[in-house]
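For this one, chain U is given, so just place chain B on it according to the hints.
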Amino acid sequence: MENERETARSARKASGRFAAVASAVMREYGIVVAFVILFVILALASSYFLTERNLLNVLQQTAVNGLLAIGMTFVILTGGIDLSVGSILAFSGVVSASFASSANFGHSSPAIVAILFGLLSGLVLGMVNGVLVARWRVPAFVVTLGMLSIARGLTFIYTNGMPIPNIESQFLFIGQGFVARIPFAVIVFAFVYIVAWVVLYRTRFGRYVYAVGGNEKSARISGVNTRLIMFVVYGISGILAGLGGIILTARTTAGLPQAGTSYELDAIAAVVIGGASLAGGQGKLVGTLFGALIIGVINNGLDLLHVSSYYQQVIKGLIIIGAVLLDSLRKKEE
Amino acid sequence: MTETILLSAKGISKRFPGVQALQDVSLTLHAGSVHALCGENGAGKSTLMNILIGLYRRDEGEIRIKGEQVNFASPREALRHGISIIDQELNVITEMTIAENMFLGREPERPVPFIDRAVLHKWTTEQLERVGLDVDPRTKIRNLSLAQIQLFEIARALSHDSDIIIMDEPTSALGEREVEKLFEVISLLRSKGRSIIYVSHKLEEVFRMADTITVLRDGRHVGTEEAGSLDRAKLISMMVGRKLDESVAKSGRLNGPEILSVDHLTRLGEYNDISLKLHKGEILGIFGLMGSGRSEFLNGLFGIKRAESGSIAIDGHEARIEKPSDAKRLGIAYVTEDRKLSGLVLPCSVRENVSVAALQKLARGGILNTRKEKSAVQKLVASLNIKTPSIRQPVRYLSGGNQQKVVLAKWLFTEPRILILDEPTRGIDVGAKREIYSLIAKFAESGYGIIVVSSEMPEIFALSDRIIVFREGRIAGEVGAADATQERLLHLAS
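Sequences listed follow chains U and B, in order. Per the numbering used here, the very first residue in the first sequence carries number -9; after that it's consecutive. Per the numbering used here, the very first residue in the second sequence carries number 553; after that it's consecutive.
FYI, nobody ran anything at the bench for these hints, they're computed from the structure. Fair warning: there could be bad hints in the mix.
Said to hold, decoys possible - Within a straight-line C-alpha distance of at most 20 Å, the following computed PhoX-like cross-link-like pairs (lysine-lysine) qualify:
no., chain 1, residue 1, chain 2, residue 2
1, B, K892, U, K207
2, B, K892, B, K985
3, B, K875, U, K207
4, B, K744, B, K618
5, B, K857, U, K207
6, B, K733, B, K744
Here chain U stands alone, though its shape is the one from the complex:
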């Protein structure tokens, strides 16, 4: 009799301990767990999902959104938002295409020139955002909403509304090439992620980003140049949108003025699913990574399961809301 009670008690203690560990894991790595579960479900649901070709495809599709999301992370961490990344992506895309193709200027330039101009255009537009937000104190929502239209308009003006075809193959490598079976675009993304991680977590600038988002007044009193920080993050978002535009253009083989429409929504979704707070000061870069992966995997998986894209949109929206809801419920418990 005693033995049974002892066993029952230690079993309850063990399950209690397990529950405590499990909840601690969920708290810290909830999003990773969610991703793993999602992955397993899709692997079981479709026999094609787990193939090398498909997984590489997922990574490649995620790379562009991932780049935008990294830039968006910096912006959101300071308590801002950038609605213009999709349009900046398009503008940079067509600018780089115009150099990488002979169709525009009558001759094509080396890929490196095209890339530089693409990045530069993204950077410049981002800096315009930055000046308006940081120096002129216009709310980020309003500034980037305006830039969304302006950049898109500039894109159509620059291309006369028509795609820029015939891009040199040297340039196409960026979007379509492979290095040791891994898509080059994915390598670019990985590289940018690592740099972003180092900047955010190992430099003074990164600390200041969190401080400005967490409490701008306190940061300012501590001597942080809050305006400079806010200016720079929009530049980062712009240049990464530029990089995304270059990769997308290389992949689609043409500079398309309508590219990137609504891409900002996926970028914001990735950051938000990743656990960042739109108020600023909270969120981890790795969260954004998994947020982007979750979106990429869902898009891919639902395609494989032949779910219509209309339903896909509904599902994506539900996941965004669900992820943030879960997160706030979890926080409320604390």
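Chain B alone, transformed into the frame defined by chain U:
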């Protein structure tokens, strides 16, 4: 004090992730009495109060209001049962006016659901008069000083006409005159059969007003006694669990050369023609009532809001201070009056908060030396005795006193030469106060110039070598430590 029991709480326990905030705590409140709740920071006072007003739910225990068992799901429910609170943390909507904040949710309506503004303002003025706050009810909270906001909070709690009013550090931002008014109000309430739960670190106030005192320590109930049967030493030892030597050794500090000189500093509408000098190794106290311009002057000194005319000289050289980083570069540090608003970045960790103002010391070419940072932060945390499970803990989870120490640590890290402290021990318990006082004294001894602004007279006396009194934006006078008395300071300040 009658025999009617308004509130009876028994065996209350509450756990948060990682910490048992309350364990088996009990409290009994009689009608027409003032019941003080004392304890060091982190003892569980605020947690207990938040449970009583329905903001948190207890894990265990029973609460009865006038005999009826209750388990509040929201502060609204608690209000309906006759419990209101003046919180230590200010709960105001800064963009709205006093009147809108005061009666939020219970506005006077006309037949159609529009707010009757005339009636709203009349009601508000009536409530403000009870606490002696003479401000237009149409003023936005954003434009009030901290002291005025605190008075407003008191007025708002009183306007509910509750049986039980909980006051959590209600005088932390108030000057002497406002405090007297509050005590008048409390006595009046007591005579009408209402009860007050008074949570405070200011033991003089506790002994003055309370009938009963309950002491908590580390989430546990240490004891409940009639106020008359306790003295200050006994109360402190109950709170701290050990005998505390209260005397502050004021060393005979030799004043060194002039380190700061302010000449005719002026900002219209805030302060006028302020001139003072600070020497190395000296602690200069600044005393003044609400609205005297002290904090505004400090903001000017630190470059938060530039002065309009006048000059500042550091070590004899004229200094242009137009933003905080200018002041920092000249070796000035500023611990602000409100740590939550302007001293801390709440979502960030202890480590990040302590190092943020001194990252230049820890970085080479922009890259942080995280190992150096970690050991430096840990050393500061240990030397200031900051209680935290780890330096990765977000500061929002620390108690008020420990948060204040984090702000102090941040500025000490910048190795300043001039340290400005605005209400440095606001919301901090007795034990920690002593620690901070001795730290400040040690600092002065190692040659820093220190300015302490405080509305707590004992604090100003304990720390200062000289006291400058502000009144209505000007300097009313200067008093040496030896000649300083309460009457003299008050006389100059009013």
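Legend entry - Structure-inconsistent hints, enumerated in ascending order: none
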